[in-house]
Amino acid sequence: MLTMNNISKVYQTDMVQTHALRDFNLQVEEGEFIAVTGPSGSGKTTFLNIAGMLEPFSEGQYMLDGIDVGKLNDNQRADLRNQKIGFIFQGFNLIPDLNLYENIEVPLRYRGIKAAERKRRIEQCLEQVGLASRAKHLPQQLSGGQQQRVAIARALAGEPRFLLADEPTGNLDSLMARQVMELLEQINRDGATIIMVTHDPELARRAPRNIQVVDGQLADFTLYQGTQNLKAAGV
Amino acid sequence: MFLHYLDLSWRSFKRTPLVSFLMVLAIAIGIGVTMTSLSVYHMMSADPIPEKSSDLYTVQLQTMDEGRTWWTVDNMPLQLTYQDAVNLNQANAGGKRVTMVRTGFSVYLDSDKVKPFIGQARLTTPDFFDMFNLSFIYGGVWSTQQEADAAPVVVINKELNDKLFAGENPVGKMVYLDDASYEVIGVIDDWDITTKYYDLNNGAFNKTEQLFLPFSLMKARQLENWGNTNGWKHEKTNTFNDKLNSEMVWLQFWVELKTPAEKQAYQDFLMAYMQEQQKLGRFNREKLTATLRDVNEWMQYNNVVSEDNEILVGLSFMFLAVCLANILGLLLAKFLRRAPEVGVRRALGASKRQIFFQHIVEVAMLGFLGGILGIILAQVGLLGVRQSYSYYQSLATMDLTMLLSAPVIAISTCVIAGLYPAWLVCKTNPAIYLKSQ
Amino acid sequence: MLEIKPIFHALCRSKVGAILLLIQIAITTAIVSNAAFIIQDRVSYLSQETGYPEQDIFVFNVMMFGKDVSPSQQYELDEAMLRQIPGVVDAAYSSNTPLSGSGSSSDFSLKPAPEESKSARTSYMFIDEHGINTYGVKLIAGRNYTEDEVIVTDNYDELSKVTVVTKTLLDELFPEGNGLGQTVYFGDIPMKIIGVIDLMKGPWLKDSRPDNVALLPFIKPGTNARFVVRTEPGQRQSVMNRVEEAMLKNYNKRVISRIRGLDDDKESYMAEDTLMMRMLIVLITILVLVTALGIFGLTLFNISKRTKQIGTRRALGARKSAIISYFLVENAMICIVGLVIGVIAAVYLGQLLMQHFSISQLDISYVLATALAVFVMSLLAVLAPAKRAANISPSIATRTI
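Residue numbers (this note's numbering), protein chains in the order written: chain B, 1 to 235; chain C, 1 to 437; chain U, 1 to 401.
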């Protein structure tokens, strides 16, 4: 459902050109759970931004659900982002002046969903992440793990085609991290496609498919269960 | 420590030059506007003779029939009739007193050097100079005998002396006023009052007179009144004597009363006087009223400070409030952005009070700079006022009080505005800002 | 798609910035409405019709100190001389001059004093039959007085019997409209109204009856006299330059002073009001600018504080227009509350001004017009920062501080 062909991204600053991504090719099927790893500075974040249509790319082709993203203007990309993608950020990015209910509501309002339908979805998603009782609270009143769960609820409320998670457990302790991962796995089992960027190999191991970004290019290998196979693969 | 805070404040200013400049500008504009209208107000309402303003009193007598009105708030006529002025002048009551009338002459010398010109004059009894604290640079005032004899003598002011006699001692020289010659017997020094409080009838801010002559000359030579003459009843006033005997009011009268006892005694005297006049057929009314007003009361009663001025001062202060709200916003922005640095300082041992004080000093410095710039803007504003309305020439200026008030107002308003942001920033929890981002 | 409820909740949770803006908007509205009203009042005062062709008329003072001529006779000669000067339309001795702040007034009544009767406050000028033409005013009914009816004298033996008055005075004394030909009393002196003038302002524009003027053909000059001269358009300055010399040549034991145009006199009389008007204009201009800059600055600051949030919203699917409208709506909400308070404050301030000063009742349309103008101004001030906000890239959301 998602295809990237020969994607490259060049940042031009004064005299210096930086190739963040070059000749990047990727195919993602419905229902996959992909972990994207790589050293820092490899271009993981750039890949994420492009996949999420947060940035335009310099060359190549990006097809999402049959739509050629490269041909879209800014408004169309915004609309598509809103409808098809759910974001989960490392820093949670909840809006501090809004309570949990209002935070989850933000993308739904942009889509023009009516109040009654919004209410239904928000309550359902809060239930799903186990925070229904705290709908009126402000983000500052929650722990890091809880904030991330709200962010996940926000991502889910729009019934997106796939979730883009950027270091979702980066700011959490190990207990909370494990809870968030379990939640993501559950959501994946329920049928959502997830692309997760992470530098934590533990986390990456839990995803059925791993891809590695090195120097702006993709190296794809899939982990089978068990570390034996790693050894067998000569890693 | 204070100097250290000044140093910190200055560096903080330099770090965000645009925001700092905007803040200084906002305060300067607010101060500039406020000080422009406040200075004019201050000059208009300033006590012109503070050493004795509560000792000098005007007298108003309610001479009209019952039911008649005047355009003053208490219906009292603003001036006295000739009879009353003369009677009070001769009475054995009160301290020094003066009765006077404004007039004018064609002024010329026996030579062709100076073309005849109009001179503004005042006919007054001799206590005038002493009562209003005038000083002589040559000669002196006329004697009581000269006053009684309606002697043709004149006291001139320094400006006129410069014009006619090149500033030399003119005592004994003659000058022609209209068709008669008068002997100059004295020259008074510059009389720098902004408000002509002793006679507010024809413009409170006009210049003082150039010529002063014995009051008795008016009757003796039938000199014309150049001030206001007002009547409230129908009277035949074809001849000069008719006018002197009429109920028309056109004379000014001041009396010096130094203690409350003296004032009360004089008040009693006035009541007795009016009752006595009633027997002569005047003061045809039931309730007899006489009012005494000292210099400041008189100025207020005559609305020397015009309504327009009061309105402008009020609006200016409201405007200052808007500028302050502006600054408050900018201060909040600036201080809160600096919270991480404050966090570090607190971690290094600064107490809340020290942080608070540091920021107040910064705010005060802002006020000081704004006050200074505001003075410059106010000077521009006052120049504009003087250009627009030359009558305000001496009013639209900043005296020492105003010059000092500008930074004081600026600093105090800035400090008030800065209290909330400074308090906010000193109560932030340092720990939050010490975590790495 | 106005996110009114969430914007409102967000504002309630971080009130300070909003309150500061509120206060500025409220005070600005209050001040500007009242100041604009006062300005308008002054403008109509300053631009009022006086009835005279002011730029073509000048006046001057004559102070005679020589005692060897009869003043009234001398002034007759002077009038004749002045009327001959090329460029002069007409000239006349006038006991005082209009628009100068200096003059004479009395009550003109229907019955002679001391009988009680209806009376009207009137300012009067002693002037001969050339008066109407010299002052350039219009006679709309009846007639001017003839030369014979003008009394030129140095005593009070004979008094004038006719008068020409303004329509306003006529209507005040004779509301049924039958005033022409009637007799009015100046004290106990009877005068028949033989002519009516259209509009003619007296010496004091701020009088209770500035339009009640009577011309009386009784010339008994004192030592202080005034002359009024009307010239052809454009000739006034050249005649003014000549008049002192011409008058002194006729008789030199006098001082000719204060040669000035009628419009100059009016300007001096109105100078304080002109100043007030100018200061108010300066005040409200600066005030509006300061408030607009305040809104601009505060919005810029808010945006920089919320950069991460704006990026996140974009990432979640907000179009650029949604970001702009967010700030416009937020500002509009604050503005509306500020305006409501401001309108109330404006009305209250208007009441205060009316009570304590002689300002008339504030016209509500000024308040509403000001509120609308302030609203538009604040939206415009937010627009540029809002557009800047909309250009924040959604990729900010994935950047870690």
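Simulated from the structure, these hints should not be mistaken for lab results.
Quick reminder that beta carbons are idealized off the backbone N, C-alpha and C, glycines included.
Each hint should be verified, as a subset may be incorrect.
Coverage of chain C stretches by chain U, computed from C-beta distances (three or more under 8 Å per stretch; other residues unrestricted) [stated by the list, open to error]:
1) 22–29
2) 95–107
3) 111–119
4) 358–371
5) 389–401
A few chain U residues that don't get close to chain B, going by computed Cβ distances all over 10 Å [unchecked claim]:
6) ILE85
7) LYS138
8) ARG278
9) GLY317
Residues from chain U that face chain C, not an exhaustive set, calculated with beta carbons under 10 Å [said to hold, decoys possible]:
10) ALA30
11) SER106
12) LEU110
13) PRO112
14) THR223
15) ARG254
16) VAL255
17) ARG258
18) ILE259
19) GLY261
20) THR274
21) LEU287
22) PHE301
23) PHE357
24) MET377
Query raised in the report: Hint check: is the beta carbon of GLY261(U) less than 10 Å from a beta carbon of chain C?
Result: Not OK, violated: GLY261(U) not within 10 Å of chain C, min 16 Å.
**Report entry** Hint check: 10 Å Cβ-Cβ cutoff, ALA30(U) to chain C
**Finding:** Since the shortest Cβ distance to chain C is 7 Å, the answer is holds.
Query raised in the report: With a Cβ-Cβ cutoff of 8 Å, does the region 358–371 of chain C contain at least three residues near chain U?
Result: Three-residue rule not met by the region 358–371 of chain C, so violated; n is 0.
**Report entry** chain U over the region 95–107 of chain C, status - at least 3 residues with CB closer than 8 Å
**Finding:** holds (count 3)
Report task. Just double-check ARG278(U) for me: nearest Cβ-Cβ distance to chain B has to come out over 10 Å. Result -> 45 Å, holds
Query - LEU110(U) as chain C interface residue, shortest Cβ-Cβ below 10 Å - result: 14 Å, violated
Requested in this report: Closer than 10 Å between Cβ atoms is the bar; does MET377(U) clear it against chain C? Give me holds or violated.
Outcome: Cβ of MET377(U) sits 14 Å from chain C, so the hint is violated.
Requested in this report: Just double-check ILE85(U) for me: nearest Cβ-Cβ distance to chain B has to come out over 10 Å.
Outcome: 80 Å, holds
**Report entry** Per-residue hint verdict: ARG254(U), partner chain C, C-beta under 10 Å
**Finding:** This hint holds: ARG254(U) lies near chain C, its Cβ roughly 7 Å from the closest one there, short of 10 Å.
Requested in this report: May I ask you to test the interface hint for PHE301(U) with respect to chain C, counting a Cβ-Cβ separation under 10 Å as satisfied?
Outcome: Since chain C brings a Cβ to about 4 Å from PHE301(U), closer than 10 Å, the hint holds.
**Report entry** Closest C-beta approach of VAL255(U) to chain C relative to 10 Å, hint status
**Finding:** Holds, about 4 Å.
Report task. Quick one: work out the minimum CB distance from GLY317(U) to chain B and report holds if it exceeds 10 Å, violated otherwise. Result -> The claim breaks: GLY317(U) does not keep its Cβ more than 10 Å from every Cβ of chain B (closest is about 2 Å).
When held up to the earlier numbered hints, the structure conflicts with 4, 9, 12, 18, 19, 24 and fits the remainder.
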